[in-house]
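Asks: Spelled out, the chains give:
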Amino acid sequence: MWNYKIKLALRHLWKDKVFTGINILGLALGIAVSTAIFLYANYHYSYDRFHEDPEEIYRVLTIDKALGVSSSRVGICPPAAGPAALNIPGVKAQTRYLSQGQNLLRVGERSIYAESFAFVDSNFFEFFNFPLKYGNASQILRSPNQAILSAELATKLFGQENPVGKTIQTSNAPDPVIVEGVFEDLPENSHIQFEMALSLVPNPGDTNTAQFLSTWQSIAAPTYIRLSEESDWESINAQLLEIARNNDYGDNFDLTMQPMLEAHLYSTELLFDNYNIGKTDIGQIRNLVLVAIFLILIAAFNFMNLSTARSAKRAREIGMRKVLGAQKEQLIAQFLFESIFLVFLAFLFSLFILQIFGNSIGIQVPEGYLSYFIANPGFWLYAIALILILGLLSGIYPAFVLSAYEPIKTLKGNFKSHGSGLWMRRALVSLQFAVSIAVIIGMLVVQAQIDYMNEKDMGFSKENLLSLRLNSREAIQNAESLKNQIEKIDGVLGLSSANALPGTGYGRNGVVPEGYSGDDVWIFSTTAVHHNFAEVMKLEVLEGRFYDDEHPADLQNSVIINEAAAEALGWEEALGKKLQLGPNERTIIGVIKNFHYVGLRYPIEPLLLFPQSRLAGSVAIKIDAQKTAQALDDISMAWTEVNPNIPFEYQFFDDQFNEIFQDDQRFAQVLNSFNWLTIIIACLGLLGLSAYSVDQRTRELGLRKVLGANFTQIFMVLSKEFWYLLLVSNALAIPIAYYYMQAWLSEFVYRIELSFWPFLLALALSFALAWLTIASQAYRALRIDPVKALKYE
Amino acid sequence: MAFIEIKQLTKTYRMEEIETTALNEVSLRIEKGEFLALMGPSGCGKSTLLNVLGMLDKADAGSYTFGGEEVANLNEKKRSILRKNNIGFVFQSFNLIDELSVAENIELPLIYTKEPANERKAKVNAMLERMGLANRAKHYPQQLSGGQQQRVAVGRALITDPHIILADEPTGNLDSAHGDEVMKLLQELHEAGTTIVMVTHSEHDAQYASRILRLHDGMILQPSAAN
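Protein sequences, first through last, are from chains L and C. Sequential numbering of the first sequence, starting at 1, is according to my numbering. Sequential numbering of the second sequence, starting at 1001, is according to my numbering.
Please note that a few of the clues may not be correct.
Below, simulated DSBU-like cross-link-like pairs (lysine-lysine); rule was C-alpha separation at most 35 Å, straight line [stated by the list, open to error]:
id : chain 1 : residue 1 : chain 2 : residue 2
1  : C       : K1114     : L       : K409
2  : C       : K1114     : L       : K17
3  : L       : K15       : L       : K328
4  : C       : K1121     : L       : K313
5  : L       : K7        : C       : K1121
6  : L       : K313      : C       : K1138
7  : L       : K409      : C       : K1032
8  : C       : K1007     : L       : K409
These are computed hints drawn from the structure, not numbers from a lab.
Here chain L stands alone, though its shape is the one from the complex:
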């Protein structure tokens, strides 16, 4: 019986090759993109779940209640909080992790960058399930200057041999470190990422670090605690806060806890969360999943549509089967089987599409994840569920319509399926077009916003800027000679530095402004810049002056603020006013025009610029666009001459800065591919419907041709019913798209105004595409042989 069903299904599909092709193609495209999106969503959902009992782990966060702050949750807490939490019943363990960025490692003559390293508590590898290749998790990192390397870094430094016991010279400290173990490379879906961990144990006599580790006065350490199964985090949180208050933890701050499993997707607005690697916004995932569901639905609509439209061709077969004793249920089963079978074929095809074009749809699922996923039983569950649901969903309507035919009406030949089915099909095609139109509008609006962001005046110049990082003691020591060398290079227009360049995350400081009481602590973003920073970055000084080498006293007692800071403090005349920062007092010597140092989704917040005594952090070099290549070579040579042991690495600043739009750009790209897909699928739907119309009206069209109708007249006859559908589609799509895009744009503080252009363009495009599709069928109708058509039954 199965054999028979499969055979019959295959022959039907093969007989109607065009129909089958359209159906399988439409479905497979839809499934491919949707599967990619689900893979992507599943990947992000899988973050940090590989740990043992991950739901028991919480991050301790700070709530910042200070003035001048737009977001209150901060991803770090005082270093003392973790150890203190161990005194609370219900807290099983704590561990801390201080992420430190790049580190230049030297073994003998070889120098290699560790892209990121961290200081971690000695129990870190017991607390988390990061398995060790060499070493024992319960014995490592207990003394100062101990290190544990990722397997990849260990291989880079030492080849295949076991490196335990070897020493490495790091760039952050004078003493070498001893390798205590090797951990397996951290899974990509871990929000904690580093290549090397060093022991968080101060050297004897290093009172600074020891003090830092037990302070309640500084907010600095990402901290994790593990609760026992039955404990209640809220009560533990309250007890922890009480301990903090007893230790003079500032009144401006509270402590809160976040389940570790929420760290990856629910931390968008968190500040000081830079070491939460790969952080993604749940809203973005939701948008994409919505897109996926839409896509699958319209592909399924297509299928229902084409199957029902085709039903007339099978009416006779169905009638005959009924005469021969087939029960209605048997016929329904056969049709459902055929549709499930078709979805199955489409699914196989979609895997093929995914394999080949997966990377061009704009969703980057990490390499190897597809095969991992296929090896996972969850995938097969997804596949089976998808095939069954989609097969049933898209097969059920045609199955019931077809199996309800009365046999004697179908066996006489010129049977036509009028009525209910047609309205259903029209409704579905309208819906498909509505989705396409809405997506076209969405794509145009998103693209316009992205263009706007790319082109918007950020308040500084990001073009032709090279950025280098000085992240080892050696490089910082050699900074002056590097500067002297580079400034001499032809094509270099200027050079400066800042602790952090715009877009890369600034620090924050509490200040008490002049005229405010000591209780009113304001929290402002801060960074330190070298004296010609304004010139190199083209920052505009509105009042006063910028730092320059003629005022060496600036280093001790001056500060520059942005307009937003002056405004927040209500100062019309800010020059000469004083800011109290801890024990130091600084006088405002300049006010600069606001510039966007954190993307356009957020408002420009108050900012303080402190002076750097020497080149440090990131160096920004302005280059003459005409001489880029030569200048780059010369800079590289200068670097190697000054820092022979440190590899030369650079970035173009605009690339680096644009990374803050990455999520939006990804959304635009997905929307773009989704857009083409919905258009293709909607056109396939219309093609099917108009082809069906031609088939049904062969005799009529043949007669019209005999009577002298030309292409335009045939086209008008065929297209008449579709223009109304298209108007309905537009009427449906435009308000929905308007509402949704308005909501999307409102997430940006700096945004375009919605104009009527995207709407008009989408409307025109939908009509143009419909015209083309129907015209192809009119052309086909025109080639009908009238003699055959008139005999046709």
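Starting from the known structure of chain L, arrange chain C on it as the hints suggest.
Replies: This is chain C only, laid out in the frame that chain L set:
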């Protein structure tokens, strides 16, 4: 007791404003082994009568006993069971399923009566032999002549050993040579004891029958005419 007996059978069709009486209180008995030809002009109700006999259509009023069982008011499911076990159909337009081979078309009714696979195979082979189609078993309907297609249809109608064959203008789409071929086949079946009811326009074909009924405006004109 007659094999088939219908009494006072009435069937009307309504289309917009016009009501057509297809069958007007028709009464009729058919004995086992009879070969009955139904004749009459277009629209006289002969196809409707055949459809009612074949339980493809329901009458509005009257009684219909089939093998002693009253079937006039059975639901679709019960009628379909009776149909597949007792009745074979042959149509003017063959109504073969294009996607199935000759052998598979003949086999189809056995699938619906849930015959085991090995028996199906044996029966189909025997039927192909009997219809002279053994060398065409793997062909598809489009590859056969009209006469051959109608033989496939007859083979399909006979495969379940039905008590009665209902044929609706079985030669209507065939030239005379192929038409005779089919009529001879029906005659052989009749001689072997199969009950046959055939609708036809052709006086020539009607001569093969053992009895001819003529219908006009939904009524039987003359009770019988022996061959």
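Asks: For the pair supplied as a hint, L/K7 and C/K1121, is the alpha-carbon distance within the 35 Å limit?
Replies: holds, 17 Å
Asks: Hinted pair, alpha-carbon criterion (35 Å max): L/K409, C/K1032. Please report holds or violated.
Replies: With a Cα-Cα distance of about 29 Å, the restraint between L/K409 and C/K1032 holds, given a limit of 35 Å.
Asks: Please work out if C/K1114 and L/K409 have their alpha carbons no farther apart than 35 Å.
Replies: It holds: about 27 Å lies between the C-alpha atoms, which stays within 35 Å.
Asks: Holds or violated: are the alpha carbons of C/K1007 and L/K409 at most 35 Å from each other?
Replies: Satisfied, since the Cα-Cα distance of roughly 25 Å is no more than 35 Å.
Asks: Do the alpha carbons of C/K1121 and L/K313 lie within 35 Å of each other, as the hint requires?
Replies: holds, 29 Å
Asks: With a cut-off of 35 Å on the C-alpha distance, tell me whether L/K15 and L/K328 pass.
Replies: holds, 24 Å
Asks: Given the hinted pair C/K1114 and L/K17, is their Cα-Cα distance within 35 Å?
Replies: holds, 31 Å
Asks: Tell me if the straight-line CA distance from L/K313 to C/K1138 falls inside 35 Å.
Replies: The given pair, whose Cα atoms are some 23 Å apart, holds under the 35 Å limit.
Of the numbered hints given earlier, the model fails none.
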